[in-house]
Structure formats: C-alpha cells, structure tokens
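Chains as they are written, first to last, in this note's numbering: chain F, 1 to 425; chain Z, 1001 to 1631.
Since the hints were derived computationally from the structure, they do not count as laboratory data.
Treat the hints with caution; some may be incorrect.
To be verified - FRET-style restraints, in silico, Cβ to Cβ:
hint, chain 1, residue 1, chain 2, residue 2, range
1, Z, G1086, F, G422, 56 to 62 angstroms
2, F, K248, Z, N1526, 56 to 62 angstroms
3, Z, E1297, F, K210, 38 to 44 angstroms
4, F, P38, Z, G1086, 27 to 33 angstroms
Backbone N, C-alpha and C fix where the C-beta goes; we use that ideal spot for every residue, glycine too.
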Amino acid sequence: MAQRGIREYNGKKMLAKYWSEYISKDFSFPGKVVLVNPNTKLDDLPKKHKWLKEEKLVVKPDQLFGKRGKHGLIKANASFDEVKKWIKERMNKDTKVGKVTGKLTHFLIEPYVTHKGEFYVAIKSNRDGDTIYFSNHGGVDIESVWDTVAEILVPVEEDVNKINIESKLPKDTPKDKKKMFADFIKGLFTFYRELGYAYLEINPFVASGKNIVPLDLVARIDDTAHFEYSTKWGDLPFPAPFGRKLSKEEKYIKEMDEKSGASLKLTVLNPKGCIWTMVAGGGGSVIYTDTIVDLGYRDELANYGEYSGNPTTDQTYEYAKTILDLMTREKDPKGRPKFLLVGGGIANFTDVAKTFTGITMALRDYKKKLKDTNVKIYVRRGGPNYQEGLRIMKDLGEELGIPIDVYGPETHMTRIVDMALGGKK
Amino acid sequence: MEAITVTKTKSKSKKQRKDYIIMDKNTKAIVFGYQQRAIQRMLDFDYICRREEQSVVAIVNPTREGTHKCFWGTKEILIPMYRTLGGAAKMYPEADFMVNFASFRSAYATSKEALESKTIRSVAIIAEGIPERRTKELIKIAKENNKWIIGPATVGGIAAGGFRIGNTAGMLDNIIASKLHRAGSVAYVSKSGGLSNELNNIIARNTDGIFEGVAIGGDTYPGSTFIEHIMRYEANPDIKMIVLLGEVGGTDEYVVVDALKSGKIKKPIVAWCIGTCSKVFPAEVQFGHAGARAGAERETSDAKNKALKDAGAVVPKHFDDFDKEIKKTFDKLVKSGKHKPIPDVEPPTIPLDYAVALKQGVIRKPAQFISTISDDRGEELRYCGVKISKIFEEEWGLGGVIGLLWFKKKLPKWAAGFLERVVLLTADHGPAVSGAHNSIVAARAGKDLISSLVSGLLTIGPRFGGAVQGSADHFTQYLYKGETPAFMVKEMKSKNVNIQGIGHRIKSVTNPDVRVTLMIDYAKKNFPKTETLDYALEVEKLTTSKRNNLILNVDGCIGVLCCDMLRGIGYSRDEVREVVDLGILNALFVLGRSIGFMGHIMDQKRMKSGLYRHPWDDINYMMPDKPEKVK
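Sequences and hints are given; from them, build the entire structure.
Following this line, the structure appears as structure tokens:
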C-alpha cells in the first residue's frame, strides 16, 4: 500500500532489538516498554516486568497520534498504581484529539527518566534520499523552533558513514556531545535504512552521562517492502489510524474489501444526507465527491463510496444493498427526493453491463423502499459494452417505476451531479 | 492467413529523435513479461495508427524462449521471445523502450537492468506495490543515465497515432472514439491511470485531440514527475496546449507552480487537482493512491488548485467545468490564429477479435470438436451434467462414474455394482500372462510407468483379454438373430472358429471357476433379465458335452453379462450391438487390468529388477547356413 504508521511500542522494541547491531555497543537501550490493550490484565503485568513496581513510570496512549502532552494524555513520574488508575479512567473512552474523536484502546508504559536537556532527531524519506533533522531543542513543538534544526541529506544509496555528520550539527550543539550525537545519528540512520523505515522521529531523546535514551518515538514504515524485510520486522502490526469507529455497514464493506482482490470502500459522512454515491473507480469516486462538495452540496453529501478492481456480481450486489439500505431507512426530513449517483469514468476492460448486474439485483430488492423514500437515480458510465449496461439500467427504471436517467461518455463525467441537484439537463 | 516471422528490419536512416520525444510512431519496444493480451493491444493500436512496423519487436519471458504468435491486422505474425532482457536487447538494439510487466517483487531488478543497458532509454513500470526505496534507487539510476521512467503503479501512457504503452486507453472502439489513432495537439500528464481514459475522452471532445498522455502513477515517488513531462511538452512544437491532472498529497504540483511563475512554461495549461473533498472527511481517509494523503495544508487539493491558478494556469472552479475550460482554452488558441485544428482521419478497421464478436453475437462458427460427456468450464466439474460434489455426496462410486462417462446414464445400483465387480475381477491375472509379462519386461528395461503400462496394454486384442469383447460379439450375433445354441455351435464349428469365452486351460465342469460362479450368482440375483447368459449357458452345455473343459470362462461370462446389463438398463438389441462395437468390453478389461499391470510395474521397480534378457537355452536357434537363393 504505502507508508503506514507503527506503534511507538513496536518502534521502541525494534530499536532495542537492533540497538547493539546498528547503534551502539558502548551503551544499551533495554527497551523497557509495555503495551496495554483492552484485554490486558494490568495486575498481572509486574510479574513479567518487575521494573513496573521498582521505578517511576510514564504512561501515554499509543495509537499513531502525536502531541500527546499537549492534549493532556501523558502521565509522568507516576507509580504503577497511579498508572493503572490513569489507564482505567481512559480505556475504551471516547476522546477528542485535535478534530478527531476516537476510542483510546492502547497505552504504553515505560520507565520515567529524569533528565536535563532534550534533543530532537528525525529521518524522513524524500525523492532524493533521506533527510536527517537534528536540533538541540527537542521536547517541544519542533515547528516552533525550526530555525534550530539542522538538515542533512543522505542521498539515495549513499553511505551515511562517509558523511561528516559532526560538522553539520547545529552550532549550539554542546562540544562534548558532538561526537556522541554524530555516532548516534549514524547508527540510527543505519537502523532506519536496514529496517525499511520511511519516517522516524525521536522527540525528545535525552543524553544522560554516556547514555542516550529515546523518550518519544513516531515511525512510519513502507509496507510494500514487506517481502524484503519481513524477517527483520517479525510480526509487525499496522494499526488503523486513530479515529472514529466504523459503523456496522462500513465494517461490513471493509471486511468484504479485505477478503477480496477487488476494492470496495464505504465511508458514511452524513446518514441523513440526500446525496448518495456509488462510483466505479478510485479516481472517479474522488472526483464525484469533490464535485458534490465544490458545487456547494457538502452538507447533503451522505457518503463516499467506491467499487473497482473487477468485483464479482455477489460483491457488487452486497455493496449496493448496503448503500440502498442506508439511504432508504427514512424519508428526507424536508420532504425532498433523495439522489443516488451511480457514476464512473470510462472503464478500460471491465464489461460495464456485467458490473451493473449486482446493482440491478439490489435495486429490484429495494423497489418499494426506493419508491417510499422518493429516490431518483442518475447513471453515468463508459467503457466496454456500456451501451448495453445503460440500456439495462434504463429498462430497469421503467420496470420498477423509479426514475433512472442514464448517460454515457458523451456527457461530461460529473454532469449528473448538477443534473440531479441543480435540476439542470 | 499466412504466418510470417518478424525479421530484423534495417533501421531506416534513423532521423535523430528529439530529446523531448520518448515515444512516437517509430518507437520499438521490448515487452517484459508474457502479457499476451497487452501485446496484442499494442499491435492493434499500431495497426489503426497505420504504423509501418509493429511497436513490439521482442518479448522477454523468463520461463520460455521461442516465438509468440499474434495478429498484425488480419495477418498472423511471430514475435521472438527471449529469456533475458540482455538477449532481446542484443538482437534488437533499435528498441529503446521497455514496457515492464514484471511483478512488484521483480520489477526493481528488471527495470534496473533496462535502465543500465545501452539501448533502452525509457521504461514503463506497470506493477503496483514496489517498495519506495527501490523506486528511489531506480530514479537515481535513470537520472545518472539520462533515462525515463514512467510509473510505477500506472497503466502507462500513449502517443496518439504512434505508440501505446501496454493496456493504456482501453478497448479499440474507445481509442477511436477518443481520436487516439492520430496525433492531436494537446498533451496531458496525470497521476491516476484509471482516469486517463476519461481524460482522453474529455480532451478529444473539446479539442482537436491528444498528442500524448502520460499517467505517472500514484506512488509517493513516481519515476518521472509532472514537471518533467510538462517541460517535454513545452519544448515540443507539435504540442499547443497542456493539461495537468494532479491530486491531493505530495508537493510535486508546486514545482509546476514555480515553473509557471518563472515563465518556463509558456504554453496554456489547464490544471486540476482531485481530492478537494478531503476536507469533509473526519479522519485521515486514504484514497487509493499511496501518494494521496494530505498531511499538511499545503498538500491539499484546494491549496494546490489555488497556487496553480495564482501562477497562471487555467483552473476550473470545480471538476464539472474542467471540460469547458479545456474547450475555452483550445478555442482561444485557434481564434488567435496560433493553431489550426488538426483534421480527423479515418482509421483502418481491425477485424473484431473472435472472442469479442462471439460474445456480441455477430458471428458463429461450427465447432471442430463436440463433447457430450463432461464440462470443466463452470464453477464445478460436471460429468454428464452431474456436479462432482454430488457424485461424492451421494457416493455414486466408480460404477456410477463409468455409467456417466461411458453410457451417459445414471446407472441403477445393481448395474454400477456389476461394473465395479468386473473391474475387481479383471484387475490382475498374475505375472505370466502376455500383458503383464510385457509390462514387466518394459519396466525392467528402465522404462517409465506409462511406457511400461502401454507396452502391456498393447497385447490386449483377439488373443489376450479380447475374449470379453469376442464373446459378447459371438453370442449376441446368434442370439439376436434368433438362432438356437445348437445352430451356433454347429456353424462356428463348420467355420472352424473357436467360440470366444468358451474353454479354460484347467477349470472344468467338475472344477468350476469361482469367479464365474460369483458373477453368475450376482447377475441372477440382481439383473432384471439374463438372456445372453442363459443362451451362453445353453451353448456351454453343448460344448462341455464334447469336452469337460469347454466351459463358459470368466471372459465369456463378463462379455455376455455386460450385454445383459445393457439390456437391463434399457438398451435395445441393436443398441447393445452398437455399444459392443464401440469396444466397451475391451474398455472394461483395459480399465481393470491396468491396475494389475501398474502393480507389476511398481513391483519390479521397487525391487530394482535388472534388465530382462531371455535365456539362450530357452530359444531354439534354427538359423539356416545361408539364405535361400532367389530364382
């Protein structure tokens, strides 16, 4: 797929595992971290991790979002009992982070490190290579002190050890730490490269004596590289980004999507909206949604929906039924008609008539409900056998007594949006 | 239709191709991966563009070399196939383009080889899911060698009237509808390959058509970027206008913005970034593309559209006006006298593909083959209409399956049971019989199982094993004609023909063959009628009165009972004769005895028996001293 976030827990565990191999043999990072999920028995944890009772602790959610301190989601310098209480108060509770509300389900516990001086290091993939970012002013919102950040590009396939990192560190780097930091950066970069990372940020890390301790870590990994790195990664989960829980229908479609080679996507944005879309193709579906929003019908947009990659008749049938069910549950409160846009661009090789089979089956099933909720349907599609596909849809409209307007490639792809909503022909 | 081999064409006084052209009507390509349909589509496109020569000169297929047969218009041609790119490139140095269909696992290595080769200048990478780091390495190699990558994760691109990368632009009728068979004057670059068909359509309907279109693919790091193609378009005097379709995520569109601002792009450019709806989504929803993820505000489509507009691109208010803005921009060019629209041309017709025409119901053709017993095409294998799962569930057994495939009937239990008993009885008769002996000799000569088995089976005929077939033939011949057993015995005697199925070396009336007894008991108990058996037993009475061992033997018994079984399941006498003539009884014997032969073969191989040589002392050498003189 692409770059995907991994949990801080997994990042730190990997760091601990490969620390001596890539980063330093002189000092170690024990990787004392515990991940708590909703099924974890908190009281049993100290048996396996004795340090939980012996040290002061830090606890925070581990769900791929940052700025946890800012959102009051870190508890530091706490005893294990305090940590337990803190987690229990938050586990499975809806929490708003920025604009997103979701459930907190995963927490990270680690030892609390007393320290002076926090540093920032990040490595980010870009077209020309990977850029290392370093600042002596970590621990804060790094953008606010961006002028203290040194940027060091390591070009594609270049050996980081051939780069004089020390000379490129910011001027305010403590003299006695320059070599230590340069070595750490080189090691971290090697770790990043050898393990297929695409983004790795440690903000902050602290330097106490001869040791470097990463406190907060964010990482993304390019999951398409799985076939090259799977032995090094081990069983590495890629959790879904923090966010709204999926509705029953969205979950159903998601499960169908995951089991199939085809692509089936559904996001319900506003179940009371009167504009529903069922669009073939990833790009096409985005364009239809764009156009509805850009034409000013944002508040009426009910869903984002896409099917592509040659789904079977059964799959399109189930997919269409799910959308029809959602849209015909109740009448529009203002008494307006509802609109279903069965859109799409020009297919390459997919038989359009065939892909409509599942949809027509679902429309037949929902004949009565479609009439009851005053649904009007607009179809636009091109590609192999599209004439037959459109004819089938048109005939179905007459058969069911439901208005179905059909258009081919001669009509601009998104024009049906305006036809439906603006009443234009 | 004549088959001709593509011979190496002497590169005609090659005109120096301009740097801004990466594909045109002279492009020769090597296709990596045995993508038969894509190759045909490329050739069909060449043909409707009236190219003089095919664009695909060679195929790289790591698992097979030789030739691939495909159509060039109505003719069939052969395209050479090599196991390695090196092999193909060596023979076709004029090929400077590679269409790489290798999987995401192997696309890196194969593209790298192409980019490092002397002759390939451009590589289109179709595969989706290539690790980003690998793509970055390819980009570096391409840059160092001054080469082009299109993709990964793309359908490719098209030079109208010249060259098509793989499957770009879909079916032929769509290509013609979008006027892609001849070059227009508008070039586009898009991220999405899925939308390129729609772009072809929009541009064809609102301008004089496409000159070239490239879909750079949806990955975070496309091998070539918007600006690189746009600068090619800017440099190409045949291109009058540029269309850009970007998307949410990434910052590559800003490079175009900068080029617009600095005046590097002078041609009119109509641009739109899709994904303006990202703002209405609650959390970060990722659309299909790896690169389509709006992190910062700057990467949103709204921000990019605004920046493009501010820099001087024509940006519609929304996608719904994209077509209108393209038309307006083109019309302005024409009105200003800067461009004279390119006229349409009629494309040559390409014969419909047989499969397509058949599906559309416009042609029909008598089949060369008819099969009436089984069908493997559907969801499930069927024998004579019965699903294999049903055969298992209902335990039809071997006899039931023989019934379906040989007789096309659902056999009653007694008949299926009879056939199974025949197989059991005929399975083996020891190593000494000629068939088994042959199998053993062949096996000991080191031949494989199938050869050894066939060696044994080839002995089955009038003298060995053939009595099953022969007895059925002899007895029904007389029985059905209404002749008496006495007449039959008399006439056979007078013709000096042994009655098949009568006689045994050891067994006799007083020492009956238990196999025969078993079969007769089964038949008497289960068969609706046993007319042939009864007739044969009457004959036996007569023959045994002459000699004690002229009994109905096991072969004869099976032969006549088979005829009775057929009568029992509804065959008329004529039909029984027909089925016997088909060789059904030999078939039963071959089926059964193959079990034994294979047993003997494996037995010999297990023991690692050496080559068999017949002992001299068992051969009476009676060679004359000299040959007979010819008079």
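Quick check: which numbered hints come out false for this structure? As far as the earlier hints go, only 4 is violated by this structure.
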